[in-house]
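Undergrad: Chain by chain, the residues:
There are 2 protein chains.
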Amino acid sequence: MSKSEVVELPLLDPEAVLPCCPPITAGELSAPDAERMAAMFKALSDPVRLRLFSKVASHPGGEACVCDIQDVGVSQPTVSHHLKKLREAGLLTSERRGTWVYYQVAPSVVAAMSAMLDLRPAAARS
Amino acid sequence: MSKSEVVELPLLDPEAVLPCCPPITAGELSAPDAERMAAMFKALSDPVRLRLFSKVASHPGGEACVCDIQDVGVSQPTVSHHLKKLREAGLLTSERRGTWVYYQVAPSVVAAMSAMLDLRPAAARS
Numbered sequence: 001m002s003k004s005e006v007v008e009l010p011l012l013d014p015e016a017v018l019p020c021c022p023p024i025t026a027g028e029l030s031a032p033d034a035e036r037m038a039a040m041f042k043a044l045s046d047p048v049r050l051r052l053f054s055k056v057a058s059h060p061g062g063e064a065c066v067c068d069i070q071d072v073g074v075s076q077p078t079v080s081h082h083l084k085k086l087r088e089a090g091l092l093t094s095e096r097r098g099t100w101v102y103y104q105v106a107p108s109v110v111a112a113m114s115a116m117l118d119l120r121p122a123a124a125r126s
Numbered sequence: 001m002s003k004s005e006v007v008e009l010p011l012l013d014p015e016a017v018l019p020c021c022p023p024i025t026a027g028e029l030s031a032p033d034a035e036r037m038a039a040m041f042k043a044l045s046d047p048v049r050l051r052l053f054s055k056v057a058s059h060p061g062g063e064a065c066v067c068d069i070q071d072v073g074v075s076q077p078t079v080s081h082h083l084k085k086l087r088e089a090g091l092l093t094s095e096r097r098g099t100w101v102y103y104q105v106a107p108s109v110v111a112a113m114s115a116m117l118d119l120r121p122a123a124a125r126s
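For the record, the sequence lines run as chains A and B. full-length UniProt numbering applies: residue 1 is where the first sequence begins, and numbers increase by one. full-length UniProt numbering applies: residue 1 is where the second sequence begins, and numbers increase by one.
Looking at chain A on its own, in the form it has when it is part of the complex (with noise of 0.2 Å):
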């Protein structure tokens, strides 16, 4: 491959290319995908976990604070865990701002999520 080539290649921001995957019913899903999203929906099978998760997307601003969604019944090392879990899995990202850390949803790893469960015709979607 020539010099020239590999200049003419997009360079893509790791977050653009999701979704990953065409909703579930438009074909079997290839064995890396499978590995790769099952992987995000692993993160979400703890209970407690999806409620972290569900404070973090639910609070106002689209953000929390540690401080504003350890009150799930386990102790502060227990939640900083399951953050660090959903974190690594690609739902969450994180941001330190002074003393404490701020936790996001990543809207297109959850949007690609939502889409690969999405069972509409592909009228019906928007």
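Heads up, some of the hints might be wrong.
[Stated by the list, open to error] Ranges of calculated distance between the beta carbons of each label pair, as one might list FRET restraints: (1) B:G98 x A:A124: 31 to 39 Å; (2) B:V101 x A:E95: 46 to 54 Å; (3) B:R96 x A:C20: 29 to 37 Å; (4) B:C65 x A:S80: 20 to 28 Å; (5) A:P121 x B:A39: 45 to 53 Å; (6) B:K84 x A:V101: 19 to 27 Å; (7) A:D71 x B:P22: 29 to 37 Å; (8) A:A26 x B:T93: 18 to 26 Å.
Source of the hints: derived by calculation from the structure; they are not laboratory data. Beta carbons are placed, not taken as given, at the ideal position from N, Cα and C, and that holds for glycine.
For chain A, the structure is supplied; the task is to place chain B on it using the hints.
TA: Below, chain B without anything else, positioned relative to chain A:
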């Protein structure tokens, strides 16, 4: 409560009360709703199980026989185990016809999962 008031209550089909949950941005999930939804996400958290689910969902006619979907690189008992987990979580239904068991996606359950992860503003949802 008088007897007539009881009679006036509609008889709900358990399928008809799904989706259980508003979009995740609308508010914090209750602990019981989180338990229920986490179990559904858990069913899709294994790559082989997710591939089997996509094979049923994308099969012509919307249903598949075990004989149609067992080429996922695992043994037949493992396929049966995964299909049982998907059925127990409510994502698939099954029906025996003659020698074979046929599997169908449970549309209301899958739609509930998709709707819960729908981050679009209420006005953009159809």
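Undergrad: All hints are to be evaluated individually against the structure, with a verdict given for each.
TA: Hint-by-hint comparison with the structure:
1. B:G98 x A:A124: 31 to 39 Å: Cβ of G98 (chain B) to Cβ of A124 (chain A): about 35 Å, so the range 31 to 39 Å holds.
2. B:V101 x A:E95: 46 to 54 Å: With a Cβ separation near 50 Å, V101 (chain B) and E95 (chain A) satisfy 46 to 54 Å, so the hint holds.
3. B:R96 x A:C20: 29 to 37 Å: 35 Å, holds
4. B:C65 x A:S80: 20 to 28 Å: 46 Å, violated
5. A:P121 x B:A39: 45 to 53 Å: Taking Cβ atoms as reference, P121 (chain A) and A39 (chain B) lie about 28 Å apart, which means the hint is violated.
6. B:K84 x A:V101: 19 to 27 Å: About 41 Å separates the Cβ atoms of K84 (chain B) and V101 (chain A), which means 19 to 27 Å is violated.
7. A:D71 x B:P22: 29 to 37 Å: 20 Å, violated
8. A:A26 x B:T93: 18 to 26 Å: For T93 (chain B) against A26 (chain A), whose Cβ atoms are near 21 Å apart, the range 18 to 26 Å holds.
When held up to the earlier numbered hints, the structure conflicts with 4, 5, 6, 7 and fits the remainder.
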